[in-house]
Amino acid sequence: NAGVTQTPKFRILKIGQSMTLQCTQDMNHNYMYWYRQDPGMGLKLIYYSVGAGITDKGEVPNGYNVSRSTTEDFPLRLELAAPSQTSVYFCASSYFGTGREAFFGQGTRLTVV
Amino acid sequence: AQTVTQSQPEMSVQEAETVTLSCTYDTSESDYYLFWYKQPPSRQMILVIRQEAYKQQNATENRFSVNFQKAAKSFSLKISDSQLGDAAMYFCAYRSVSTGNQFYFGTGTSLTVIP
Numbered sequence: 105n106a107g108v109t110q111t112p113k114f115r116i117l118k119i120g121q122s123m124t125l126q127c128t129q130d131m132n133h134n135y136m137y138w139y140r141q142d143p144g145m146g147l148k149l150i151y152y153s154v155g156a157g158i159t160d161k162g163e164v165p166n167g168y169n170v171s172r173s174t175t176e177d178f179p180l181r182l183e184l185a186a187p188s189q190t191s192v193y194f195c196a197s198s199y200f201g202t203g204r205e206a207f208f209g210q211g212t213r214l215t216v217v
Numbered sequence: 060a061q062t063v064t065q066s067q068p069e070m071s072v073q074e075a076e077t078v079t080l081s082c083t084y085d086t087s088e089s090d091y092y093l094f095w096y097k098q099p100p101s102r103q104m105i106l107v108i109r110q111e112a113y114k115q116q117n118a119t120e121n122r123f124s125v126n127f128q129k130a131a132k133s134f135s136l137k138i139s140d141s142q143l144g145d146a147a148m149y150f151c152a153y154r155s156v157s158t159g160n161q162f163y164f165g166t167g168t169s170l171t172v173i174p
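Protein chains in written order, with this note's numbering: chain P, 105 to 217; chain Y, 60 to 174.
Bound conformation, chain P alone (with noise of 0.2 angstroms):
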């Protein structure tokens, strides 16, 4: 039961390089969620989805884009990597529901240098 799968564990940027943090699902929840987490400042969302196809902007979107084109996969891409977006950053998926909690994969540690 794999449950949210995100890749790399842990990565180094270059400012300026780009890349893509992967995140897949195989519970067929709908919803889907970026956070990134910097210390003491809880989990900020960046961008989340309701379903394939749609996607919509958190509360810190600016420098990452999303896409979703199936129900299991929510890929983060990072365009010209700054060193302000060295943080932790977490995938979740949940099922439709307010009662349905959120299942979180392992983190990725990112570093812009």
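Keep in mind the hints are simulated off the structure, nothing from the lab.
Each residue gets a CB set at the ideal place from its N, CA and C atoms; glycine is no exception.
Any given hint could turn out to be false.
Unchecked claim - Example chain Y residues on the side facing chain P (calculated, C-beta under 10 angstroms, incomplete): (1) Val-63; (2) Gln-98; (3) Gln-103; (4) Phe-123.
To be verified - Some chain P residues near chain Y, calculated using beta-carbon distances under 8 angstroms: (5) Tyr-135; (6) Gly-144; (7) Met-145; (8) Gly-146; (9) Tyr-152; (10) Gln-189; (11) Val-192; (12) Phe-194; (13) Gly-203; (14) Glu-205; (15) Ala-206; (16) Phe-208; (17) Gly-211.
What the hints assert, rightly or not - Once the Cα atoms are required to be at most 20 angstroms apart in a straight line, the calculated DMTMM-like pairs of lysine to aspartate or glutamate come out as: (18) Lys-114(Y) to Glu-205(P); (19) Lys-148(P) to Asp-85(Y); (20) Lys-161(P) to Asp-177(P); (21) Lys-113(P) to Glu-176(P); (22) Lys-113(P) to Asp-160(P); (23) Lys-132(Y) to Asp-90(Y).
We have chain P; now place chain Y onto it with these hints.
Okay, now just chain Y, sitting in the frame of chain P:
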């Protein structure tokens, strides 16, 4: 947007004792859920307990229980008989109905368990 506030950045408890972590939230909605998540050093986010806003009875899961005060918009987590494995960061979360079923998280409380 809804806000979730955890006013205790750090807490500590003696092993086998009880500790309460605080959480308050701001909302104008009447239908929502509240959650407590645990994040151990492994980084994995683990659901501890959930509470439905319509239910007056406080949720309980083994040694974990909540004190839900809807009027006061307060949702505290009580950990009884604390164990070394309870040491972690704890996040309070609110799930909205009106804003696309987003989750809003507090800034977290780091819990240390003293042997």
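Structure-based check of all given hints:
At about 8 angstroms, the closest approach between the beta carbon of Val-63(Y) and any beta carbon in chain P falls short of 10 angstroms, and the interface hint on this residue holds. With its C-beta approaching chain P no nearer than about 9 angstroms, Gln-98(Y) sits inside the 10 angstroms limit, and its interface hint holds. A cut of 10 angstroms between beta carbons decides the hint on Gln-103(Y): the least distance to chain P is about 6 angstroms, and the hint holds. Hint status for Phe-123(Y) relative to chain P: violated, with the closest Cβ pair at about 14 angstroms, above 10 angstroms.
With a least beta-carbon distance of about 6 angstroms to chain Y, the hint placing Tyr-135(P) at the interface is held under the 8 angstroms criterion. Interface restraint check: Gly-144(P) against chain Y, minimum CB-CB distance 6 angstroms, threshold 8 angstroms, status holds. At a threshold of 8 angstroms, the smallest CB-CB gap from Met-145(P) to chain Y is about 6 angstroms, leaving the interface hint in force. Because the smallest distance between the Cβ of Gly-146(P) and any Cβ of chain Y comes to about 4 angstroms, under 8 angstroms, the interface hint for this residue holds.
With a cut of 8 angstroms, the hint placing Tyr-152(P) at the interface with chain Y holds, because the nearest CB-to-CB distance is about 6 angstroms. About 18 angstroms separates the beta-carbon of Gln-189(P) from the nearest beta-carbon of chain Y, more than 8 angstroms, and the hint is not met. Annotation: Val-192(P) was flagged as interfacial toward chain Y, and the flag holds, the nearest CB pair being 7 angstroms apart, inside 8 angstroms. Satisfaction of the interface hint for Phe-194(P) is found here, the shortest Cβ-Cβ separation to chain Y being roughly 7 angstroms, below the 8 angstroms cut-off.
About 5 angstroms separates the beta-carbon of Gly-203(P) from the nearest beta-carbon of chain Y, less than 8 angstroms, and the hint is met. Given the 8 angstroms rule on beta carbons, the hint for Glu-205(P) holds: about 5 angstroms separates it from the nearest Cβ of chain Y. Hint status for Ala-206(P) relative to chain Y: holds, with the closest Cβ pair at about 5 angstroms, below 8 angstroms. Annotation: interface hint on Phe-208(P) holds; nearest CB of chain Y at approximately 4 angstroms, less than 8 angstroms.
Annotation: interface hint on Gly-211(P) holds; nearest CB of chain Y at approximately 4 angstroms, less than 8 angstroms. Distance hint between Lys-114(Y) and Glu-205(P) is fulfilled; the C-alpha atoms sit about 17 angstroms from each other, no more than 20 angstroms. A C-alpha spacing of about 17 angstroms is found between Lys-148(P) and Asp-85(Y), which places the hinted pair at or below 20 angstroms, so the restraint holds. Simply put, Lys-161(P) and Asp-177(P) have alpha-carbon atoms about 17 angstroms apart, close enough for the 20 angstroms limit, and the pair holds.
The straight-line distance between the Cα atoms of Lys-113(P) and Glu-176(P) is roughly 19 angstroms, inside the 20 angstroms bound, and the hint therefore holds. At roughly 25 angstroms between alpha-carbon atoms, Lys-113(P) and Asp-160(P) are farther apart than 20 angstroms, so this suggested pair is violated. Between Lys-132(Y) and Asp-90(Y) the CA atoms are separated by roughly 13 angstroms; this keeps the pair inside 20 angstroms, and the hint holds.
Figure legend: structure checked against the earlier numbered hints; hints not met, in rising order: 4, 10 and 22.
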